[in-house]
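> Residue numbers (this note's numbering), protein chains in the order written: chain X, 100 to 200; chain H, 8 to 660; chain C, 14 to 217.
Honestly, the hints are just simulated from the structure, not real lab data.
The structure presented is a predicted model; accordingly, all values stated were derived computationally and were not measured.
Any given hint could be a false lead.
Claimed, not checked - With a Cα cut of at most 35 Å, we get these calculated DSBU-like pairs of lysine-lysine:
1) Lys212/H <-> Lys517/H
2) Lys123/H <-> Lys318/H
3) Lys88/C <-> Lys199/X
4) Lys212/H <-> Lys515/H
5) Lys383/H <-> Lys459/H
6) Lys43/C <-> Lys199/X
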Amino acid sequence: MIALSDYLILSSIVFCIGLAGIFINRTNIIMLLMCVELILAAVNTNFIAFSYFSGDLAGQIFVFFILTVAAAEVAIGLAILTLMFRSRGSIDIDVTNTLKG
Amino acid sequence: MLNTYLTIVLAPLIGSIVVGLAGNRLGRTLSHSITILGVTISTVLSLYVFNHHVLNEGEIFNQNIYTWIQIGGLNISFGFLVDNLTSVMLVVVSFVSLMVHIYTIGYMHEDEGYTKFFSYISLFTFAMFTLVMSNNFMQLFFGWEAVGLVSYLLIGFWHHKESAIEANLKAFIVNRVGDFGFLLGIALVLMFFGTLDYAETFSQKDQIIGLTLFGDFSAITVICLLLFVGAMGKSAQVPLHVWLPGSMEGPTPISALIHAATMVTAGIFMVSRMSPLFELSDVALTVVMVIGAITALFMGLLGIVQNDIKKVVAYSTLSQLGYMTVALGVSAYSVAIFHLMTHAFFKALLFLAAGSVIVALHHEQDIRKMGGLRKKMPITYITSLLGTLALIGFPGFAGFYSKDMIIEAVHYSELPFSGWVYFAVVLGVFITAFYSMRLLFLVFHGESRVDKHTEEHLHETAPSITVPLILLAIPSVVIGYFTIDPMLFGGWLDNGIYIDTSHESVAKLKHHFHSAFSLISHSVMTLPFWMMIGGIATAWLFSLYRTEWADVIQRRFKRINYVLVSLYGFDRFNEIIFVRGALKLGNLLWKISDMAIIDQLLVNGSARFARFVGSFIRPVQTGYVYHYAFFMIISLMLVLGWVLVASDYSFYS
Amino acid sequence: MEFTSVLFYIFSFFFVTSAVMMITARNTAKAALLLILTFFSAACLWLLLEAEFLAITLILIYVGAVMVLFMFVIKMLDTDKSTLRAQFTRYLPLGIFVSIVVIAQMVLVLNAGQFDLEVIGVPERHDASYSNITAIAEQLYTVYVYPFELAAILLLIAIIAAITLVHRNQPRSKKQNISEQVNVQAKDRIRFASIKPKSSKESK
Numbered sequence: 100m101i102a103l104s105d106y107l108i109l110s111s112i113v114f115c116i117g118l119a120g121i122f123i124n125r126t127n128i129i130m131l132l133m134c135v136e137l138i139l140a141a142v143n144t145n146f147i148a149f150s151y152f153s154g155d156l157a158g159q160i161f162v163f164f165i166l167t168v169a170a171a172e173v174a175i176g177l178a179i180l181t182l183m184f185r186s187r188g189s190i191d192i193d194v195t196n197t198l199k200g
Numbered sequence: 008m009l010n011t012y013l014t015i016v017l018a019p020l021i022g023s024i025v026v027g028l029a030g031n032r033l034g035r036t037l038s039h040s041i042t043i044l045g046v047t048i049s050t051v052l053s054l055y056v057f058n059h060h061v062l063n064e065g066e067i068f069n070q071n072i073y074t075w076i077q078i079g080g081l082n083i084s085f086g087f088l089v090d091n092l093t094s095v096m097l098v099v100v101s102f103v104s105l106m107v108h109i110y111t112i113g114y115m116h117e118d119e120g121y122t123k124f125f126s127y128i129s130l131f132t133f134a135m136f137t138l139v140m141s142n143n144f145m146q147l148f149f150g151w152e153a154v155g156l157v158s159y160l161l162i163g164f165w166h167h168k169e170s171a172i173e174a175n176l177k178a179f180i181v182n183r184v185g186d187f188g189f190l191l192g193i194a195l196v197l198m199f200f201g202t203l204d205y206a207e208t209f210s211q212k213d214q215i216i217g218l219t220l221f222g223d224f225s226a227i228t229v230i231c232l233l234l235f236v237g238a239m240g241k242s243a244q245v246p247l248h249v250w251l252p253g254s255m256e257g258p259t260p261i262s263a264l265i266h267a268a269t270m271v272t273a274g275i276f277m278v279s280r281m282s283p284l285f286e287l288s289d290v291a292l293t294v295v296m297v298i299g300a301i302t303a304l305f306m307g308l309l310g311i312v313q314n315d316i317k318k319v320v321a322y323s324t325l326s327q328l329g330y331m332t333v334a335l336g337v338s339a340y341s342v343a344i345f346h347l348m349t350h351a352f353f354k355a356l357l358f359l360a361a362g363s364v365i366v367a368l369h370h371e372q373d374i375r376k377m378g379g380l381r382k383k384m385p386i387t388y389i390t391s392l393l394g395t396l397a398l399i400g401f402p403g404f405a406g407f408y409s410k411d412m413i414i415e416a417v418h419y420s421e422l423p424f425s426g427w428v429y430f431a432v433v434l435g436v437f438i439t440a441f442y443s444m445r446l447l448f449l450v451f452h453g454e455s456r457v458d459k460h461t462e463e464h465l466h467e468t469a470p471s472i473t474v475p476l477i478l479l480a481i482p483s484v485v486i487g488y489f490t491i492d493p494m495l496f497g498g499w500l501d502n503g504i505y506i507d508t509s510h511e512s513v514a515k516l517k518h519h520f521h522s523a524f525s526l527i528s529h530s531v532m533t534l535p536f537w538m539m540i541g542g543i544a545t546a547w548l549f550s551l552y553r554t555e556w557a558d559v560i561q562r563r564f565k566r567i568n569y570v571l572v573s574l575y576g577f578d579r580f581n582e583i584i585f586v587r588g589a590l591k592l593g594n595l596l597w598k599i600s601d602m603a604i605i606d607q608l609l610v611n612g613s614a615r616f617a618r619f620v621g622s623f624i625r626p627v628q629t630g631y632v633y634h635y636a637f638f639m640i641i642s643l644m645l646v647l648g649w650v651l652v653a654s655d656y657s658f659y660s
Numbered sequence: 014m015e016f017t018s019v020l021f022y023i024f025s026f027f028f029v030t031s032a033v034m035m036i037t038a039r040n041t042a043k044a045a046l047l048l049i050l051t052f053f054s055a056a057c058l059w060l061l062l063e064a065e066f067l068a069i070t071l072i073l074i075y076v077g078a079v080m081v082l083f084m085f086v087i088k089m090l091d092t093d094k095s096t097l098r099a100q101f102t103r104y105l106p107l108g109i110f111v112s113i114v115v116i117a118q119m120v121l122v123l124n125a126g127q128f129d130l131e132v133i134g135v136p137e138r139h140d141a142s143y144s145n146i147t148a149i150a151e152q153l154y155t156v157y158v159y160p161f162e163l164a165a166i167l168l169l170i171a172i173i174a175a176i177t178l179v180h181r182n183q184p185r186s187k188k189q190n191i192s193e194q195v196n197v198q199a200k201d202r203i204r205f206a207s208i209k210p211k212s213s214k215e216s217k
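With the sequences and hints as input, model every part of the structure.
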């Protein structure tokens, strides 16, 4: 039988894979955004596992909203990315350090 | 009776306010009429009060009129204490004030600030009444400060004169020093007695006898000395005397009113009022006596070398104040008040006469440019002569009685240094006679050294000036004879003054006193009389007979002359130590404390420190998004680790 | 071993493996495709957890819309491969280290026994007539209706924002700036030139 702890361990493993992805692909903004999606997927799995094992639908409702917000975030993130590409000609993150202190 | 007292106090105040605010519109005649009316009402009522309290032995009036501040258990109110001492002071103050008011009509005739002047002297009268009639320390201090303020305003009345402004600042600041000591004394009274009311303080006075302050200092001695510091400031005792000669920059009427008759006697009055406290401390009384003697002797010496007519009278005032202080020191409070009263009359007379001379000579004040005026100004001459005779103690005149009583009282005193003090006051008689007669001779006798142009117009001054002179001359002559017995020995002042039985001066005086007339007849046998004769003779010698000998002596004794002319160096000392010291301290505080410490170190320094810290922290913001992400992730890792470790793995239950 | 357990392991294997391959992908397009595979595996896992509605929603919306958007942008923008590879191996050890540490920490906690089968039992399986959509709808439209409406507005804002950011065409309307018009002076509009007329002889 699959216990709750198994689902949780699974989701934490994928979460950490996403973290590692951020570390590895830090220069490529698209890859960054996709690693964030991966993290969100892991977190959603977590929520649904809890919702299933405790019988409370609140977890699923929350996932619903997470999906909504994630979609909006991706849309705007890609719009910003497009603008950046238009104005600088590349998506190299090394040139976007104008907020340097 | 309450309404009477209120009227006495408020009549001059109302006059002052009305004329002060609307003087220009009311015009000169109406202004001086209003103020003179106010002071006349006060004078008449003061005489009535005197009659009631002293002659008819009325009860002491002690009542709080209005509660001013109430803090916890302390109640500070505005109230009246009217006993015989107060009554005497009221009569003196109001009468002299009235004379000065009338005199001012003639003296300030051509001045622009005519109405302002009347307003000020009425205000002064109000303040002096408040001081004299108060029944608690706080109101006394209010009156004290108020007379100081009006003195400042009046000394600097001709405010376009640089010297007047310097003088009024000096007067106020020196007074301030005295007031500081005074205030400390009042604070100690409050601390030890828990109240500022006279009656309550005096009723508890026995409880303070053994108490000490800061170790071995007797509390009552400290209190009395501090209160006396205030008296030193107001009554111009050495070393706080330096302001009085400067105060001659003001118009002559105020020299007469404030700096001869009334304000400077506030200190004397205050010590008399505090006699129950002073009697408990022999040390304080000794100090009072010695300082009075120093003032009496050394200020008199300075009067010899002055060439300004008002300055001579000023130093004479200082010297006589010294005499009064000496009397206080030997516990002869009633004698001091007696001398205060007689001195008020003849010194005001002398000042007003000097003013008359000044006006007649078109504001010439140097006595080396006067002479032979007695033919042209007879009334002024005769009244001055009477005043001078009173001052030097010529038998029969008022000053004779009071001064002789002081000298006798010192003779009977058993305080330490009283021997030296006796020597000083007796010598002072010689010196007083010397400078007073010198002044008289140089101004009114001898050949005329007056400027030719002025001499043609020289004539006696207007009646508004000479009538007060005559009215003041009368008491200068007679009041001593009539009041010495009742005031000193007949118990006039008994219910205001307390004398401890260990101080027997007055008792011995009473023992030896027979009558006023006998004093005159026996005077020929006393040392002061011959001192006075010697003084007159010496003055005649140097001023009329061989005036060139005065110059010879001045050249031969250059050093002594220098010491006297530079006023013993008090002014120089004050200037070097206090004035320059204050300037240097201010400079130091400005450069170091303000500019270096506060500006550079604290204000700029904190900015620089913020920038310095910022220079370390700024590089953390690299601008690269992934750096921020790394920080977040690594912190997450560390926090998780810390939570795990800190919880001691308790989830493994 | 139960069938559902086997399914769990299969789906979780795909989940993890496609995730790992995604982050190490050389090509951004390949990474996107692998992410799609990851989402599919996740959806299957959710089906196992009786969240049917959300599983289908994930596929329809996330994969169907969001990932397609990603593909659009990836293909539209010219991503330079050289900069992709440049610092690939520089932070790799650190990344692996951090991930392993965090995994270890999480596993320590999660395996401690609080979430075991004995503590939190397997819930009842619903029967075939159970409708996940109905159950969610019952909650969503009554208890959580306010966040629901707000989520809708959020999406609207996202639309407007995205369009406004990227919209390239400048509005070509002929608009006047009133204050400038009012402040115009004659010298801005007219220039007087002094021109000598030619003589009548030459003009003929």
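> State for each hint whether it applies.
Results of checking the hints against the structure:
{"no.": "1", "hint": "Lys212/H <-> Lys517/H", "verdict": "27 Å, holds"}
{"no.": "2", "hint": "Lys123/H <-> Lys318/H", "verdict": "25 Å, holds"}
{"no.": "3", "hint": "Lys88/C <-> Lys199/X", "verdict": "31 Å, holds"}
{"no.": "4", "hint": "Lys212/H <-> Lys515/H", "verdict": "26 Å, holds"}
{"no.": "5", "hint": "Lys383/H <-> Lys459/H", "verdict": "14 Å, holds"}
{"no.": "6", "hint": "Lys43/C <-> Lys199/X", "verdict": "33 Å, holds"}
Hint violations for this structure: none, all hints satisfied.
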